[in-house]
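Engineer: Produce the complete structure using the sequences and hints provided.
In case you want the letters, here they are:
2 protein chains.
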Amino acid sequence: MKVSPENTVVGFIGIGVMGNSMAGHILNAGYELHVYSRSRAKAELICQKGAVWEDTTSQLAKKCNVIITIVGFPKDVEEVYLGPDGIIENAAPEAIVIDMTTSSPSLAVKIYDTAQKRSIHALDAPVSGGDIGARNAALSIMVGGDTASFEAVMPLFEIMGKNIHFQGKSGSGQHTKMVNQISIAAGMVGLCESLAYAVKSGLDPETVLRSIGAGAAASWTLNNLGPRIIKGDFAPGFYVRHFIKDMGIAIESAQEMGLDLPGLMLAKSLYDKLAQKGYEYDGTQALYRLFI
Amino acid sequence: MKVSPENTVVGFIGIGVMGNSMAGHILNAGYELHVYSRSRAKAELICQKGAVWEDTTSQLAKKCNVIITIVGFPKDVEEVYLGPDGIIENAAPEAIVIDMTTSSPSLAVKIYDTAQKRSIHALDAPVSGGDIGARNAALSIMVGGDTASFEAVMPLFEIMGKNIHFQGKSGSGQHTKMVNQISIAAGMVGLCESLAYAVKSGLDPETVLRSIGAGAAASWTLNNLGPRIIKGDFAPGFYVRHFIKDMGIAIESAQEMGLDLPGLMLAKSLYDKLAQKGYEYDGTQALYRLFI
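Read top to bottom, the protein sequences are chains G and F.
The first sequence stops at residue 291 when you use numbering that gives the first Met the number 0, and every number in between is there.
The second sequence stops at residue 291 when you use numbering that gives the first Met the number 0, and every number in between is there.
Just to be clear, a hint being listed does not mean it is correct.
Because identical chains share one entry, a pair is satisfied inside a single copy or across any pair of copies.
[What the hints assert, rightly or not] Distance condition first, Cα-Cα at most 20 Å in a straight line; then the derived SDA-like pairs of lysine to any residue:
#	residue 1	residue 2
1	168	199
2	267	290
3	272	261
4	168	209
5	199	261
These aren't lab readings, by the way, just hints derived from the structure by calculation.
Structural biologist: Here it is as structure tokens:
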């Protein structure tokens, strides 16, 4: 059975930059929406629009049959799901819980297994597309878990995103997001080294981008973040500190599989250096600072 | 003054996979065309179509007022231009010579300076777009040298390519190509590590590409070479050995500028390893072999 405003009360935990837009779309679609966030202030606006504030995770979990989370780090995910006041202890049997945080694949499996013992259905469904994708309901959503749960909540995914794919068993959504981040990490290193070379060799970087931005070197990173770097605009679309988190998860996960990823290790070490220099709240394109 | 079939005899040195298509377009546009290549057999077809075979570089140079070269390695470029039988010694004053090989920026400057002493005008104009781009007259052409020469031979560039940009003084075309290759090198490492992670973690790589191929991880490399890797197709679009050459030039050139490019160094070392395993005549996507 598919969820609808008639048969479903949605809980949303984590009203940050992403969560605020995503929860807003669900509210606009006519769902009864209960929200919880670490900082109540961030949920003020959405509560004015009709969302119901809950004081604790457990209180929210008891009232909702679909619960969506998008929080910060894997430790936050673990606490929200498996902690003493957590979702799994408190949600009703047959609830569907969806973690949309970029988090650890093995933690996703742990949550899935724990949930299953209480007949709760867990999906891992991280997103890409950033704040703009969230605002425009155009996120890519990568989903792991059971197909029946995936299909049941598809109407909610479609409210938040556009490019929605079931990737396989529990953890597969997170693994897919890691694949995405591994590609992006290499692309950022390549872009920053390319532009540093262009500038050092006396080229005009804008003219260079016109030459190379449509051929085999073309990428979203090059064509979207290249121009920002040239302007010296290091404002965050995606924070350095969050990217470091993601790369850390990917490296740990690769190590668990016995897979050596030297390009990813290098990218992570460069971003660590950038953070040590005090730029962890810059956007990921600030990696360029290391080369100039 | 712009070149035209009425005022220009074109010489073309290097009838390989790229050169054969490029020279063919010039011939079809109505130019008198003289050709030389290390292996006469490769020029057989274009000579049947009307090109005139020349037995030596010097013989060709004496008969042509625009000379285009696209040969293998910088040492070949050096020999063809500056060797005892070379172009610069033998071309007439006011000839325009265009090296379209991907070669060393500092060698381009050396050729330009030597040519200038004999009132010959040298351009460096490497291309991207590969054999398909050459065949479809859709190459990107990155040009360094003097604007007057660039503008004079623009009609020839337009016969071979689509995305044609003057990048600055002598060497700037080669530097721009290096920027292109630095980006591609990182992208290949990212793609291969991504797909290796996807496969190792039990994902279906085709479904993964559907999730990530349209977002922030999107790139020409991912969307064009990803599917080939998944099929186990390592046939060359662009040879490993040529890519190693290009990265070598870029590293040397970066070192001359005092620029440290760890991502490029890593990519080069991985490709060196691949070549040592006997895969230097595979396509660049064969880097994936190292991860499986």
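Engineer: Indicate, hint by hint, whether the structure satisfies it.
Structural biologist: Status of each hint after checking the structure:
1. 168 <-> 199: between (48 Å within a copy, 14 Å between copies)
2. 267 <-> 290: So residue 267 and residue 290 pass the 20 Å test inside a copy (15 Å) and across (19 Å) alike.
3. 272 <-> 261: Close inside one copy (16 Å) and across copies (13 Å); limit 20 Å.
4. 168 <-> 209: between (43 Å within a copy, 17 Å between copies)
5. 199 <-> 261: between (26 Å within a copy, 16 Å between copies)
Against the hints set out earlier in the document, no violation occurs for any number.
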